[in-house]
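Peer 1: Produce the entire structure from the sequences given, and follow the hints as far as they go.
Sequence order for the protein chains is R and D.
To convert, note that position 29 of the first sequence is 29 in our numbering; the numbers rise steadily by one, no gaps.
To convert, note that position 71 of the second sequence is 71 in our numbering; the numbers rise steadily by one, no gaps.
Honestly, the hints are just simulated from the structure, not real lab data.
All C-beta atoms, glycine included, are put in the ideal place defined by N, C-alpha and C.
Please note: incorrect hints may appear among the correct ones.
Derived DEER-like restraints, expressed as beta-carbon distance ranges [said to hold, decoys possible]:
{"hint": "1", "chain 1": "R", "residue 1": "Thr3", "chain 2": "D", "residue 2": "Gly196", "range": "50 to 58 Å"}
{"hint": "2", "chain 1": "D", "residue 1": "Gly196", "chain 2": "R", "residue 2": "Ser21", "range": "22 to 30 Å"}
{"hint": "3", "chain 1": "D", "residue 1": "Gly71", "chain 2": "R", "residue 2": "Leu29", "range": "33 to 41 Å"}
{"hint": "4", "chain 1": "R", "residue 1": "Thr55", "chain 2": "D", "residue 2": "His241", "range": "16 to 24 Å"}
{"hint": "5", "chain 1": "D", "residue 1": "Gly71", "chain 2": "R", "residue 2": "Ile47", "range": "38 to 46 Å"}
{"hint": "6", "chain 1": "R", "residue 1": "Leu29", "chain 2": "D", "residue 2": "His256", "range": "17 to 25 Å"}
{"hint": "7", "chain 1": "D", "residue 1": "Gly71", "chain 2": "R", "residue 2": "Pro15", "range": "44 to 52 Å"}
Beyond 12 Å from chain D on every Cβ pair, some chain R residues (computed) [claimed, not checked]:
{"hint": "8", "residue": "Met1"}
{"hint": "9", "residue": "Leu29"}
{"hint": "10", "residue": "Leu42"}
{"hint": "11", "residue": "Gly51"}
{"hint": "12", "residue": "Glu52"}
{"hint": "13", "residue": "Val59"}
Within a straight-line C-alpha distance of at most 27 Å, the following computed DSS-like cross-link-like pairs (lysine-lysine) qualify [what the hints assert, rightly or not]:
{"hint": "14", "chain 1": "R", "residue 1": "Lys25", "chain 2": "D", "residue 2": "Lys18"}
{"hint": "15", "chain 1": "R", "residue 1": "Lys25", "chain 2": "D", "residue 2": "Lys39"}
{"hint": "16", "chain 1": "D", "residue 1": "Lys49", "chain 2": "D", "residue 2": "Lys39"}
{"hint": "17", "chain 1": "D", "residue 1": "Lys143", "chain 2": "D", "residue 2": "Lys293"}
{"hint": "18", "chain 1": "D", "residue 1": "Lys114", "chain 2": "D", "residue 2": "Lys143"}
{"hint": "19", "chain 1": "D", "residue 1": "Lys23", "chain 2": "D", "residue 2": "Lys2"}
{"hint": "20", "chain 1": "D", "residue 1": "Lys153", "chain 2": "D", "residue 2": "Lys69"}
{"hint": "21", "chain 1": "D", "residue 1": "Lys2", "chain 2": "R", "residue 2": "Lys25"}
{"hint": "22", "chain 1": "D", "residue 1": "Lys134", "chain 2": "D", "residue 2": "Lys2"}
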Amino acid sequence: MVTIILRRKVFEIRPGMTLLSSLSKLGILPESVLATRNGDMLTEDEILVDGETITLIEVISGG
Amino acid sequence: MKCRTCGSKAVINMRQHKLALCKPHFLEWLPAQTERFIKKYEMFTRYEKVLVAVSGGKDSLSLWNILIKLGYQADGIYISLGIGEEGGYSDLSRQLCEDFSLDRNQQLHIVDVKKEFGETIPQFAQRTRRGKNKACSVCGLTKRHVMNQVAQKFGYDVLVTGHNLDDEAAVLFGNTLHWAGEFMLRQAPVLPATPGLTRKGKPLCRFYEKEMAAYAILSDIDYIYEECPYSIGSTSIYYKHQMNLLEHDNPGEKSHFYLRFLRAKDNGLFAPPEIIKQDLHECSNCGQPTSGKDVCSFCRMLEQGNEHLERSQVN
Numbered sequence: 001m002v003t004i005i006l007r008r009k010v011f012e013i014r015p016g017m018t019l020l021s022s023l024s025k026l027g028i029l030p031e032s033v034l035a036t037r038n039g040d041m042l043t044e045d046e047i048l049v050d051g052e053t054i055t056l057i058e059v060i061s062g063g
Numbered sequence: 001m002k003c004r005t006c007g008s009k010a011v012i013n014m015r016q017h018k019l020a021l022c023k024p025h026f027l028e029w030l031p032a033q034t035e036r037f038i039k040k041y042e043m044f045t046r047y048e049k050v051l052v053a054v055s056g057g058k059d060s061l062s063l064w065n066i067l068i069k070l071g072y073q074a075d076g077i078y079i080s081l082g083i084g085e086e087g088g089y090s091d092l093s094r095q096l097c098e099d100f101s102l103d104r105n106q107q108l109h110i111v112d113v114k115k116e117f118g119e120t121i122p123q124f125a126q127r128t129r130r131g132k133n134k135a136c137s138v139c140g141l142t143k144r145h146v147m148n149q150v151a152q153k154f155g156y157d158v159l160v161t162g163h164n165l166d167d168e169a170a171v172l173f174g175n176t177l178h179w180a181g182e183f184m185l186r187q188a189p190v191l192p193a194t195p196g197l198t199r200k201g202k203p204l205c206r207f208y209e210k211e212m213a214a215y216a217i218l219s220d221i222d223y224i225y226e227e228c229p230y231s232i233g234s235t236s237i238y239y240k241h242q243m244n245l246l247e248h249d250n251p252g253e254k255s256h257f258y259l260r261f262l263r264a265k266d267n268g269l270f271a272p273p274e275i276i277k278q279d280l281h282e283c284s285n286c287g288q289p290t291s292g293k294d295v296c297s298f299c300r301m302l303e304q305g306n307e308h309l310e311r312s313q314v315n
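Peer 2: Right under this line is the structure:
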């Protein structure tokens with residue numbers, strides 16, 4: 001499985017999908033987050049592989 | 001996905017520009033575009049003194065970083081609002097701004113609201129009519145007052161803020177929903193100086209918030225990721241989310257909304273500013289320009305706070 005972390009939330013998703021499809025499955029707008037793997041930023045066409053952890057960084061702030 | 005410039009692995013894909021870039025080319029592209037917008041909107045030149053309002057967030061620290069790299073004379077101003085416990089939101093954001101300025105050997109003006117005016121923003125919000133359930137209104141008023149005060153006192157030619165396109169589009173969205181024409185007239189990438197008011201500029205107003213977050217991360221800028229506790233559930237975040245829903249289905253929608261508004265304004269769709277020009281005069285207390293009868297909104301808010309304090313002491 002692929003682990004996706006967004007702040008304190010942790011999601012598990014099946015591998016083999018693109019980042020875009022994975023976000024869509026989780027109901028997360030790609031416009032509102034940046035995805036990183038081991039600190040490196042990913043584009044939305046990246047295929048997520050079994051066992052990896054993707055950290056999402058929220059980009060929207062108020063004020 | 002490959003970088004359009006060099007063909008190596010891209011780290012960001014900007015669908016609205018149909019442009020994917022690798023890290024080095026994105027870090028070249030964004031400052032170059034910033035420079036282009038500064039010139040296009042005639043915000044300031046390299047001969048002028050720039051004051052950058054920094055909050056510790058990704059946008060303002062990135063803006064300061066870009067201006068320094070581009071060779072502008074840019075100092076910072078940080079306003080300590082007193083939000084959160086000791087070591088909490090305000091203390092952390094202040095520390096990040098101080099570290100940033102020390103690392104880059106740049107001057108940072110720090111104004112502590114409690115030391116300067118007797119109370120923190122949450123205390124003002126609790127005690128004044130303006131602040132009832134609206135800490136953001138008190139905060140905005142205080143920041144505008146202090147930023148202009150410091151810019152005038154130290155002779156800066158222009159005050160710049162890190163507002164990005166999502167910020168601008170969300171404000172425009174709200175103003176359009178409420179047909180707040182007067183506010184729409186004042187929304188622009190640059191507001192010229194008037195007697196007592198320093199020129200204001202928004203060099204990041206054409207960049208999406210996601211691009212600014214990417215710039216901060218790729219530039220290793222240490223910014224405050226935690227949200228201001230008062231902005232949670234705010235209308236501005238709700239509007240940004242709505243704009244992103246439109247953007248998701250139609251890449252470029254946010255950008256078109258904002259840019260076509262600017263063009264419509266230039267083409268005279270709205271009343272020319274001189275028709276609604278307000279009669280500004282000096283506040284009898286602080287001397288800053290105001291359209292109010294005697295004292296400005298900020299001084300009125302301070303008076304309300306003081307009246308409350310005096311009443312509490314008598315009781």
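Peer 1: Hint by hint, say whether it matches the structure.
Peer 2: Hints and how they fare:
Separated by about 56 Å at the C-beta atoms, Thr3/R and Gly196/D satisfy the suggested range of 50 to 58 Å. Between Gly196/D and Ser21/R the C-beta distance comes to about 55 Å, which lies outside the given range of 22 to 30 Å. Evaluation of the 33 to 41 Å hint for Gly71/D and Leu29/R yields a pass: the beta carbon distance comes to about 37 Å. A hinted range of 16 to 24 Å for the beta carbons of Thr55/R and His241/D is consistent with their spacing of about 21 Å.
Our hint of 38 to 46 Å for Gly71/D and Ile47/R holds, since their Cβ atoms are close to 42 Å apart. Restraint check, Leu29/R to His256/D: a C-beta distance of roughly 18 Å satisfies the suggested window 17 to 25 Å. With their beta carbons about 47 Å apart, Gly71/D and Pro15/R fall inside the hinted range of 44 to 52 Å. Every CB of chain D lies more than 12 Å from the CB of Met1/R, the least distance being 24 Å, so the non-interface label holds.
Its closest Cβ contact with chain D, about 5 Å, brings Leu29/R to no more than 12 Å, contrary to its assignment away from the interface. Annotated as non-interface, Leu42/R brings its C-beta within 12 Å of a C-beta of chain D; the closest such distance is 8 Å. Chain D leaves Gly51/R outside its interface by the beta-carbon criterion, the shortest separation being 21 Å against a cut-off of 12 Å. Residue placement check: Glu52/R keeps its beta carbon more than 12 Å from all beta carbons of chain D (closest about 16 Å).
The Cβ of Val59/R does not lie farther than 12 Å from every Cβ of chain D; its closest approach is about 4 Å, which violates its non-interface assignment. The straight-line distance between the Cα atoms of Lys25/R and Lys18/D is roughly 24 Å, inside the 27 Å bound, and the hint therefore holds. Between the alpha carbons of Lys25/R and Lys39/D the distance comes to roughly 43 Å, so the proposed pair goes past 27 Å and is violated. Between Lys49/D and Lys39/D the alpha-carbon distance is near 15 Å, which keeps this suggested pair within the 27 Å criterion.
With a CA separation close to 22 Å, the supplied pair Lys143/D and Lys293/D stays within the 27 Å bound. At roughly 13 Å between alpha-carbon atoms, Lys114/D and Lys143/D fall within 27 Å of each other, so this suggested pair holds. Distance hint between Lys23/D and Lys2/D is fulfilled; the C-alpha atoms sit about 11 Å from each other, no more than 27 Å. Proposed proximity of Lys153/D and Lys69/D is supported: the alpha carbons are some 26 Å apart, at most 27 Å.
Between Lys2/D and Lys25/R the alpha-carbon distance is near 25 Å, which keeps this suggested pair within the 27 Å criterion. Between Lys134/D and Lys2/D the alpha-carbon distance is near 46 Å, which puts this suggested pair outside the 27 Å criterion.
The earlier numbered hints that this structure contradicts are 2, 9, 10, 13, 15, 22.
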